[in-house]
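Asker: Single-letter residue listing:
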Amino acid sequence: MPKPSLALSSVGPDVVRETPVREVHLPLDGRLPQAACGDKVLKGQRIAESLAPFSSGEGDLHAPFSGEILAVSSEHVAILAGGSGETVPPAALSTSSGEALAAALKRLGVASAALRPAQTLVVGGLEPEPGVGVAAKLLGARRETLEAGLELAVRVIGPEKRRLVLPHGSKAGLPGCEPVFAAPVYPNGLGPMAIRAATGLENPADAVFLAVHELFALGRVAESGLPLAETAISAGEELFCVPLGTPAGELVKAAGLKAADGDRVVLGGPMRGRALYGLAQGVGPGDYALTVIPRGSFPRMTDSPCLNCGECVMVCPARILPGMISRCAEFKLFERTVEYHIDACMDCGLCGFVCVGRRPVLQYIRLAKKELADQRNAACETSEEEASSCSGKR
Amino acid sequence: MQREALKPLTGRTVFTVSSPPHWHCGATIPGMMLDILLALCPAVVMAAAVFGMDAVRVMALSCATAVVVEAACCKAMKRPVSVDDYSALVTGLLFAFLLPAEAPWWLVMAGSAISIALGKMVFGGLGGHPFCPPLVGWAVCRISWKSSMDIDMSLLNADLFYPLTQLKHLGLEAISRFSYADLLLGKQLGGLGAAQTGALLLGGIYLLLRRRIRPDIPLAFLAGTFLLSLAYALSDPSFYAPPLFHLMTGSVVLGAFFLATDCSSSPMGHVPMILFGLLGGALTVIIRVYGDYPDGVPFAIMLANLATPLLDRIRPRPFGGAGRGGRAHA
Chain A
58 MPKPSLALSS VGPDVVRETP VREVHLPLDG RLPQAACGDK VLKGQRIAES
108 LAPFSSGEGD LHAPFSGEIL AVSSEHVAIL AGGSGETVPP AALSTSSGEA
158 LAAALKRLGV ASAALRPAQT LVVGGLEPEP GVGVAAKLLG ARRETLEAGL
208 ELAVRVIGPE KRRLVLPHGS KAGLPGCEPV FAAPVYPNGL GPMAIRAATG
258 LENPADAVFL AVHELFALGR VAESGLPLAE TAISAGEELF CVPLGTPAGE
308 LVKAAGLKAA DGDRVVLGGP MRGRALYGLA QGVGPGDYAL TVIPRGSFPR
358 MTDSPCLNCG ECVMVCPARI LPGMISRCAE FKLFERTVEY HIDACMDCGL
408 CGFVCVGRRP VLQYIRLAKK ELADQRNAAC ETSEEEASSC SGKR
Chain B
328 MQREALKPLT GRTVFTVSSP PHWHCGATIP GMMLDILLAL CPAVVMAAAV
378 FGMDAVRVMA LSCATAVVVE AACCKAMKRP VSVDDYSALV TGLLFAFLLP
428 AEAPWWLVMA GSAISIALGK MVFGGLGGHP FCPPLVGWAV CRISWKSSMD
478 IDMSLLNADL FYPLTQLKHL GLEAISRFSY ADLLLGKQLG GLGAAQTGAL
528 LLGGIYLLLR RRIRPDIPLA FLAGTFLLSL AYALSDPSFY APPLFHLMTG
578 SVVLGAFFLA TDCSSSPMGH VPMILFGLLG GALTVIIRVY GDYPDGVPFA
628 IMLANLATPL LDRIRPRPFG GAGRGGRAHA
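Chains A and B supply the protein sequences, listed in that same order. Counting from 1 along the first sequence, just add 57 to a position and that's the residue number in our numbering. Counting from 1 along the second sequence, just add 327 to a position and that's the residue number in our numbering.
One chain only, chain A, in its complex shape:
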C-alpha cells in the first residue's frame, strides 16, 4: 500500500444518513451502571453514571430509545427497542448558564473539558483525522443543530471571542464566529493546533476548543432537551447519525464496508482510534469515525529497538523527542519522560506513523502518561490522608 495521505478532506456530498437499529450496546468505559437486566427503560433514562471528574470530558449514559435492558456487563449495557415512544421529561436548559449549565449538561451526557469559562472559544471545523469526513458534512448539512449547540456552549463558556477554524477555501460559517483558515493537513484539526491557528498562542489558559462534532452533540441536546442519544460518525465516505451504542457491525454494513479476518475495525480515525475486538461493540458518545483497515496494509508492529533516526522528532508537532520518551517508557523510567516534556504531547500518533523501526511509539507515550497520572494520584491520596485535603486534579 502506498504511503497514506495525511490530508484532511471530506469526500462525498454533505448528507447525514440515519440508520435505525433495534438493539444497542452502550459501552460503559468505567461508568457505573444504574440499570439491571430485564428493566424497562424510557428514552433518555439514565443507564450509567459517570464517576470521572468534569475535566475528563465524560458524561452520564442514557437510553437512546425506550425498551428493555437485555444485558449488563462490566463493559456494556445492551438495550432492545420496544414499548411506546415515551421519553423522560425534557430538561429546562434555557434559564441556566455558566457552571450550573455545565453540570446539567454532564448529567445529560455531554461533558467536555472545554465547557468552562474562557475568553476565546475555538470551534474546530477541520476534520479531526485523515480519512474522516465529519466536520465539513455537519457544517454543510446540520447548521441549525450546530447553531443551537454553539448557543449552549457560549452560555457555559461566556467567550469574548469566537473563532471557527476552517480549511482554506471553505465557505462554511457559524454565527458570531470569525473564520480562521488553516492548511487541511493532520494534525491541524486537533485542539492545540487549532487554538494556535486561531489565537497565535500555544496552550493559552483562556482558550477552549470544541470540535464541530462536539457542537453537534450539544446541539442535539439543546434541540430536544433530552439527554444525548446519538452521535455523528463517519464511516467509509458517508456520515451517519446513529443512536449511541449502535453496534460497529451495523455501521460497517450501512457504509458498505467489509470487515474480514485479520482486518482492523477501528472506532475513531486511523491515527488515534481504538481497535475493536468484535462487531458487536457499540459506539459511544464522542466517537466520530469508524475505520476499517484491511489486513496486511501496513508493516507489522515490532519490538525493534529505537534506531535514533529522528524521524519522529522531525514530525512531532509538540517539538518533543517521542523516540526518547518511548525508550524511557520501554525501560519503565517513567519519571524521566517528564524531563523530555511528555506533558506537551498532544497524542497525535505521527511518531508511530513515521517510525522506521515500526515501534509502538504512541502506545509507549500513552503508557508513560498513564503511569505518571497513577503516580500523581497516589501521591495526591497520600497527602490527602496526611493533610485531609487534596489540591491535585486527576
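It is worth saying that the hints were derived from the structure and are not from the lab. Think of the CB as a built atom: it goes at the ideal place given N, C-alpha and C, for glycine as much as any other residue. It is possible that part of the hints are untrue.
Said to hold, decoys possible - Partner residues are not named here, just some residues of chain B that face chain A (Cβ under 10 Å, in silico):
id, residue
1, F342
2, H349
3, H351
4, S409
5, S592
6, P645
Said to hold, decoys possible - Here are the in silico distance ranges between beta carbons for each label pair:
id, chain 1, residue 1, chain 2, residue 2, range
7, B, L536, A, H225, 25 to 35 Å
8, B, L536, A, L89, 54 to 64 Å
9, A, G353, B, I532, 29 to 39 Å
10, B, L637, A, E204, 52 to 62 Å
11, B, D619, A, E392, 42 to 52 Å
12, A, E392, B, R644, 16 to 26 Å
13, A, E392, B, G379, 53 to 63 Å
14, B, P457, A, R376, 19 to 29 Å
15, B, M380, A, R376, 49 to 59 Å
16, A, E392, B, A398, 32 to 42 Å
For chain A, the structure is supplied; the task is to place chain B on it using the hints.
Answerer: Chain B only, in chain A's frame:
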C-alpha cells in the same frame, strides 16, 4: 507476512487489535537498508569496472564477514539474529568502499569484523552505536596496519593516481593531471568505492528522492567542505587546491551521503543536523590541510559523531512552553 490468527471453532471473525496509529508511512528498516544498497549499486559497478576482480573480492569478503560476525554476535548475546534487516550488509559494503582494492584478505576480514563487533554490536546493535560503524573498522585498521591501508599501494597495479597524496606530497602542480570529468568518472585512486564520485552522487540523489535521508546533513557536509576549502583557496590560490577538487576526491561524497547520515550516530533536528554536516565538512578540510592523513573524511565524521550528543541538546521549546517538566526540573 502476517501470521495466521488462531480461528475459533465458532467461526467468528477475528480482528487484529493493536494500538494506534493504525496507519503507517510504510518505511521499514529492511526497506531502508535495501534502498541504501540499491543506491550503492552504481558505485559497486564502477568499482568493479575500474579496479576489476580485486575490488569485487574485497567487497564480497567484507559483506560476507559482516553478516557472519553479526549473526555470531547475536548468538553470543543470546538475541534473535538480526541480519535479515540487511544493515550488516550495508556496513560491510561501506567498509569495503573505504579500502584499497589491493587490501589483503586478513585486513578486509579483520576490519569488517571490527566494524560490526566493536562499531555496532557492543553498543547493543542497530540504533545504539555512537560512531558510524564502518569508520570504526577503518580507523582501527588505518592505525594498526598503516602500510596495508595505504591507498598508494594500488599504484603498482593501476595506472591511476591518488589525488590527495599527490596534492600532499607533490603540491598543487601534481593535481593538474586530474580533470573534473575524470574525478567524477572514478578515474582516480582512493577507497575502491569512495573514489567513484559520480556513481555515489547518483546514489545519494536517489536516496534523497526516495526520502530515505534528509538533505540537511549531506548538503551541509558538502557545503562545509566547499566553503572552508574555498576560503583556503582564496587565501593562497597558488598553494591550496580549489574547492571542487576537494569535493570530488577522497571519500567526501561517500561520507556526505552514506556515512555522516548514519541514523544512530548523527543528531536529529534541522539545526543540529546542519551544524553536524558543516562541522564534518570543515574538519575534513582542516585534516587535509594540516593533518597527517591525506583523506580527512573518516576521522572528520568520527569527530563530528562525538559532537552529536552535544548537538542533540539544541532543541526548540516544546509546544506551549516548558510546561510541567520544565518547572519540575528548574
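Asker: What are the numbers of the hints the structure violates, in ascending order?
Answerer: none
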